[in-house]
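There are 2 protein chains.
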Amino acid sequence: MSAPAATLYNPLLLPEIREMLAENDHRGLTEVMTELHPVSIAEFAEGLSPDETWQLLSHAEIHRQAEVFSFFSPAKQEELASGGGREQMSKLLEAMSHDDRVDLLRRLEQDVVDSLLPLVAKADREDIRRLLSYPEHSAGSVMTTDYATLPPDIPVSEAIGRVRREAPHKETIYYVYVVDEERRLMGLVSLRELILAKPTSPVSDIMQTEVISVRVDQDQEEVARELAKYDFIAIPVVDEQHRLVGIITHDDVIDVVVEEATEDVHRMGAVGPLEEDYLKARIVDVWRKRAVWLSLLFVAELLTVHAMQTYEHELDKLVVLAMFVPLCMSIGGNSGSQAVTLITRALALNQVSIVDWARVLRHELLMGLLLGLTVGCFGFACASLLTLLLSPPDVKAWKMGIVIAQAVAAICIWGTVVGSMLPLLFKRLGFDPGYASSPFVATLVDVTGILIYLSIAKVFLL
Amino acid sequence: MSAPAATLYNPLLLPEIREMLAENDHRGLTEVMTELHPVSIAEFAEGLSPDETWQLLSHAEIHRQAEVFSFFSPAKQEELASGGGREQMSKLLEAMSHDDRVDLLRRLEQDVVDSLLPLVAKADREDIRRLLSYPEHSAGSVMTTDYATLPPDIPVSEAIGRVRREAPHKETIYYVYVVDEERRLMGLVSLRELILAKPTSPVSDIMQTEVISVRVDQDQEEVARELAKYDFIAIPVVDEQHRLVGIITHDDVIDVVVEEATEDVHRMGAVGPLEEDYLKARIVDVWRKRAVWLSLLFVAELLTVHAMQTYEHELDKLVVLAMFVPLCMSIGGNSGSQAVTLITRALALNQVSIVDWARVLRHELLMGLLLGLTVGCFGFACASLLTLLLSPPDVKAWKMGIVIAQAVAAICIWGTVVGSMLPLLFKRLGFDPGYASSPFVATLVDVTGILIYLSIAKVFLL
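Protein chains in written order, with this note's numbering: chain A, 576 to 1037; chain B, 576 to 1037.
Everything labelled a hint here was simulated from the structure, so no lab data went into it.
Check each hint, because a few of them may be wrong.
The list cannot tell twin chains apart, which means a pair is met if one copy fits it or any two copies do.
Unchecked claim - Capping the alpha-carbon separation at 30 Å, the derived lysine-lysine pairs in DSSO-like fashion look like this:
no. : residue 1 : residue 2
1   : Lys892    : Lys974
2   : Lys864    : Lys1002
3   : Lys974    : Lys855
4   : Lys804    : Lys666
5   : Lys1002   : Lys855
6   : Lys804    : Lys1002
7   : Lys745    : Lys697
8   : Lys651    : Lys804
9   : Lys804    : Lys855
Using the sequences and the hints, build the whole thing.
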């Protein structure tokens, strides 16, 4: 339930709140903390200093404080947690939802965590340690442990009573999980089913027994896909012995979906995925994530120099050939970008899998052919025209047109095929298909594009 | 609550089900329809013919049928709705959730809709007509009208009774909306709050009055952002008079988030957004969406020919210059891709807005400088080395190295700046910033890259 980045706090409220804080207006501040939506409070609190923020928070009971805190931006949360007020912070940690606090602790410096944890109640401390032990991006790292459970053998009336008592402390009570004495997941009842059921029937009679669950070590992306598929409010997380260890709720899944889409998009643009806000990320981190790819692609592009050298003689003899090199190169990069984008996204959405490679290839061969014909026609017209305008007509315009038309069509087909097959190949080899970015495909196709163009030119013009 | 594309039905169950269908095994089929999860039923039903599917569905009561139907793939739904069985289909439409059925009707041919609607009960027909009238991608087009409402003045005990009675027919009862006699939205109570409250207090005492809502004509992307921000299960939709007209639930928001991410990704790869599954989309549609961009970019790239022509004399005199053109071009495209990807995504996530343009520019100028220095160093080393290997050493290797280093650094800065500013400019002009795709930026930068490189070369080498 981590808060999305708040970009704008409400600037109208801020001066008023500041005044209240200066006057320590207990009644006004209590009203602000209890009446406004936590998101609104969090938004204008972005404009307050850490001390002011702590002062404001102190005017509500601890669960409300934790709720507001959970909507602060990550930067604000870290600032408050790392600054003074260890005592207050440890109380907040106890009251925060279990996944949010682990999320925060993961982002803090180790020495801050070490100074906070001893102040947290033992049960919470152990819960935190356990959740922190799951690897990043696993189901365990995004799940929460404050879910409601029931034994199978009590009647519905007693079950409702229990859920009512647990309600204030649980992340959701809309799904209640039925577990045996060893906490093995036996079934699921929704609150809707509970309040509709006969009060005397045992829970085991009304629970759904075919419960979809995920394993604690599964990747968060798969988990998000499962939950989205079934339209659940929450999905239970189990260990190898099918014991219930946590739940993942719908709001966390939206966060995961957005996070994974961002990663995919960044990879497509040949940037190592940035987890921080663009404007808040450290310059040196961003530089590293961009420079690595840029340098690798640059080195790969050196092959284009080699390709050009192979035709040095021809280029020397007919300078007009060089003029069309950038044009031919670009069509490969663009058609490759289109194909790689479509296939990478289709893979991410599970619309296509590796076994479909032959269908994809047929599809893209046909598409490459159609696109090649389309752009080839433009190529003929434009190249003929441009050659006519060149000062020394050392080559016939229609001949140049034919060469460019053929080259452009061939490179277009080639770019389309490479762009569509590369993500599938990457997936087959166990890499993230997203690494087959547009620039990566463009680089691959650039070299071959030059060779295709110049070899066609050699045959027809020299 | 539309179902995501089912990619694989359960092949193990299918032969068994087929056998049951052939024998018309009522007990077995009823068990299948009631015991299995609707998603599982929908998955294997993808392998059944329309007739077999209708036969299978008929073994459950109509609400269960509607639930299973809602998880069928869009193609399967359309097949069933367009085929025979108008009577059965109209009954299903009445039982389906209100947003799902409108979603389906939107996808059907007009004559199929016209033949189905008269068979649907009047109240449902009017609901369908109203929902169909909202433009695509608006809040109205994704909302559902089967939500639960309460008047403000009844006691909690009566409210719980009402919610219980309405529960089987509502999409969610976890949020109940409080409205006055004109259906104006006054407040919200969650089921959690209802069951925790004193049975005698009036609903108006326990309801939250600061309710976040969206307008029926708002864009679905903004709606998704709002819901994700507040971690809601559902968000109410109101008209201009603040009357409640529908709700949008968390599962639909996940669908919207995924759909919007796909659109963004497709635009980034210079493909008109495809709404269908990759393998299911019609060839001619895909061709059009790709050919338009590819042709536009091709025509724009003709400027590179013009740029090269401007330096025809220099290229003729020093053929080695042409060798390095592709290398210099590619660095512009790649650095531009990185910048445009980061900024477009940051805009989509609201991490950056137009007013930040100066900060982004400073940021990217610095980054371009750092990246330019990095790649410039490589450039010097590689170009010197490659020139040494060229057959006629008509230019000093270190001189060529210096030219390439400068050109690469300058083009890198230029690509970074153009890539970062273009999406902001597009947004400022009212276009979707996503149209500033990697290929688009690359094309822009290609021409200028060539001019930068050749003008530096002219100064230093000729």
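Comparing the hints with the structure gives:
Taking identical chains as interchangeable, the C-alpha atoms of Lys892 and Lys974 lie at most 30 Å apart whether they share a chain (16 Å) or sit on different chains (24 Å). Taking the closest pair of Cα atoms, Lys864 and Lys1002 come within 30 Å of each other both inside a single copy (22 Å) and across two copies (26 Å). For the identical chains of this complex, Lys974 and Lys855 are neighbours neither inside a copy (55 Å) nor across copies (40 Å), given an alpha-carbon limit of 30 Å. For a Cα distance limit of 30 Å, the shortest separation of Lys804 from Lys666 across copies, 25 Å, qualifies, whereas the shortest one inside one copy, 38 Å, does not.
With identical chains, the CA atoms of Lys1002 and Lys855 are at most 30 Å apart between copies only, with a shortest distance of 21 Å across copies and 32 Å within one. For the homomeric pair Lys804 and Lys1002, the shortest alpha-carbon distance inside one copy (22 Å) is at most 30 Å, but the shortest distance between copies (33 Å) is not. Taking identical chains as interchangeable, the C-alpha atoms of Lys745 and Lys697 lie at most 30 Å apart only when both belong to the same chain, with a minimum of 19 Å there against 43 Å between chains. Taking the closest pair of Cα atoms, Lys651 and Lys804 come within 30 Å of each other only across two copies (16 Å); inside a single copy the shortest separation is 34 Å, beyond that limit.
When the C-alpha separation of Lys804 and Lys855 is checked against a cutoff of 30 Å, the pair qualifies only between copies, where the shortest distance is 19 Å, while the shortest distance within a copy is 34 Å.
Hint check: a violation occurs at hint 3 only; the rest are consistent with the structure.
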